[in-house]
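There are 2 protein chains.
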Amino acid sequence: MRGFSSRVAAFRESPTRKIDELRERLRRENRDVILLSTGQPSVPPPREVREALGELLKVDSMDLYGYTPSQGIYELRAAISEDLKKLGGLDVPPDQIVVTAGGQAAMFSTLATVVEQGDEVVVTDPTYFGYRPLLEYFGAVVKPLRTRIEEGFQPDPERLKTLVGRKTKAVVLVSPDNPTGRILNREVAKAVADLAQDYDFWIITDEAYKTLIYEGEHVYFYKLAPEHTISINTFSKDPAIPGWRLGYVYGPKDVVQKVKLANEEMVYCPPSFAQRMVAIYLRSEARTRYIREVVEVYRHKRDVALAAVKRYIPEAKFVPPSGSMFIFVDLSRYIVDGEEFAKVLLEKHGVATVPGSYFSEVYKAALRISFVTETTERIEEGIRRIGEALSAT
Amino acid sequence: MRGFSSRVAAFRESPTRKIDELRERLRRENRDVILLSTGQPSVPPPREVREALGELLKVDSMDLYGYTPSQGIYELRAAISEDLKKLGGLDVPPDQIVVTAGGQAAMFSTLATVVEQGDEVVVTDPTYFGYRPLLEYFGAVVKPLRTRIEEGFQPDPERLKTLVGRKTKAVVLVSPDNPTGRILNREVAKAVADLAQDYDFWIITDEAYKTLIYEGEHVYFYKLAPEHTISINTFSKDPAIPGWRLGYVYGPKDVVQKVKLANEEMVYCPPSFAQRMVAIYLRSEARTRYIREVVEVYRHKRDVALAAVKRYIPEAKFVPPSGSMFIFVDLSRYIVDGEEFAKVLLEKHGVATVPGSYFSEVYKAALRISFVTETTERIEEGIRRIGEALSAT
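First to last, the sequence lines map onto chains A and B.
Residues in the first sequence are numbered from 39 upward in steps of one, following the working numbering.
Residues in the second sequence are numbered from 39 upward in steps of one, following the working numbering.
Watch out, some of these pointers could steer you wrong.
[Unchecked claim] Here are some chain B residues pointing at chain A (derived, C-beta under 8 Å):
{"id": "1", "residue": "V46"}
{"id": "2", "residue": "E51"}
{"id": "3", "residue": "P53"}
{"id": "4", "residue": "R88"}
{"id": "5", "residue": "G104"}
{"id": "6", "residue": "T106"}
{"id": "7", "residue": "P107"}
{"id": "8", "residue": "A116"}
{"id": "9", "residue": "A139"}
{"id": "10", "residue": "F167"}
{"id": "11", "residue": "Y175"}
{"id": "12", "residue": "D238"}
{"id": "13", "residue": "K296"}
{"id": "14", "residue": "L299"}
Just so you know, the hints here were simulated from the structure itself, not pulled from any lab data.
We put the beta carbon where it would ideally sit given N, CA and C, even for glycine.
Next comes chain A alone, as it looks inside the complex (with noise of 0.2 Å):
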């Protein structure tokens, strides 16, 4: 009998997605839409590396296209590991490196390997709309950590440990936090570490904006509980080249074995070319010049955008981000659904965001805006317009 998995229930068309369905509508019609919705990088990668990578396809031979370990290339997770001591002092040699096809690869792999039907399984809310679909998917059931804007959406310790027990297998943190901009404190970190340690569960630790940092320093958990310790990251923020698909895994030996199988039999491989691309990346002059001029681009980008924000929009609540790419601002004295809220702004006022409801469940009147992929200019414009559709509700 033909017919479905029920299990694919759990997959849903992703926010972003919607979005970007809508936009593309939208361009169809010849409307301009200012997009705050994405995390889409707006600096290209350096282009020392792209003409490295141009000469490369002059050569007549198969090096360049053909398949790859699974675990990738060594030559890039060497590069991996020495941009891991670089950026954070960390000793994580290439064996304990798994490199996947992108952020996205990395989640579905690393909980793929982990989450056993009916594990608990804690993230903070709010947090990136990627990872509950994913652990319903596995079979998780998911226990939402709260977290305050009035506490900078630190998670509280103590709340922590009302949630976690015998059949907790994962926490899930992500820092700089997606959508709010959020770096864990050091000590908050210490403590989820040492409960990890006395509860004996996994830390899973999504560094996919480490190195965008406006204030602060990022946490390493692997410093503090490296058998505890998988981190998830991605190549899609820097060097900014999302749509080639490459990110890796760090974690305990077993972990990436075991995280390389599920890569192999989900994609065989990491994306060659990608992987050649990022090996000459990491290990170029420009690998360090590159990252602090977009740390400057970014950072100029989120002040226009912050005091755009307490122009037109007074009355709006927000932490500021230290890291990521976006502002998570609560409109609750503006409005109620922010989902409603979104489509109105995007059909009528041609200013794409994305809801709150998707990262939270209690933050639904909030709108997660993008501070990188549009020029000043327009990300001013764009939040004057947030101001005022907010003024006609």
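Got chain A sorted already, so can you dock chain B onto it with the hints?
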């Protein structure tokens, strides 16, 4: 409690990967190995296509680097639609095509979409080793459909009839087949299509090698039973970019929509750079010329390999492959255990092959010999060494 999902136990190191690792060790020991194990093409993609890509890398915009729709860029899906029309006279509109991160991702997402725990799925024996672990992972009960060397590895529709029933979710058929190189007879395909309609199961038709045909003609199930056909495809073989990870699935619109969602959760979108490349390739002047040339190169290599098998392994039984990249040689007149023999062959004689046990529960004394990766001289030498090793056993 830390630990792993029991479901990942279905994931084992792929056979070719295991061989790759042995090979890697021999390479470190500076020992030359003749590669008759891999389906890696030997002719890189057309130069003009690579040059066009190189030009795109010079452009200072995010255009080449950004996310794409998770179904794949429209331009590529339109090019695939035109290509299917040219190749087989098929009418598959772009919205019935979903681009994936390679053939493996096409398999994974398709099986994730259709297979429910306890479903029965018929798979020929021998066939590609990639299906069984995925089917087990998704909880299917595998029903092997034995095919016989004496019957040219054509499945017997009467035998198939005894295997299908109320619980049959799908029948998987690879044609041209890996490892046997068998192309399905039109009559057999017609009988399978009729059964699919009678019993209402999916035909999962793996068309990875559809443009690598030396004699005969590829049968498109989509023409026989469009509502029951889900087709798995890859660009790894044509235009020879296995490492870049690009493939596609076509079939009924509701299946394609669900496969798209599965892909979104697995990898978010297929690699954009490879999408651009193949969109250029399929619509280029080079397309027809390139694949015609490649087929001639491989046909010549196949003929060299066949002659060498007859000369050096006179008691080997085989069916000359009409398509694909492989000859499947039954060595049961010489040996019992192909796995053990393949190991000796690699370690003592420097020739990598894949033993029959990875494809079959029956043909355990067989070897799969790839005739595309190496030069004709080395193919001949490799087969000579196989004969030599057999004499020594």
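Right, here's what the structure says about each hint:
no., hint, result
1, V46, "holds (6 Å)"
2, E51, "holds (7 Å)"
3, P53, "violated (11 Å)"
4, R88, "holds (4 Å)"
5, G104, "holds (5 Å)"
6, T106, "holds (5 Å)"
7, P107, "holds (7 Å)"
8, A116, "violated (15 Å)"
9, A139, "holds (5 Å)"
10, F167, "violated (12 Å)"
11, Y175, "holds (7 Å)"
12, D238, "holds (5 Å)"
13, K296, "holds (6 Å)"
14, L299, "holds (4 Å)"
When the structure is compared with the earlier hints, violations turn up for hints 3, 8, 10 and for no others.
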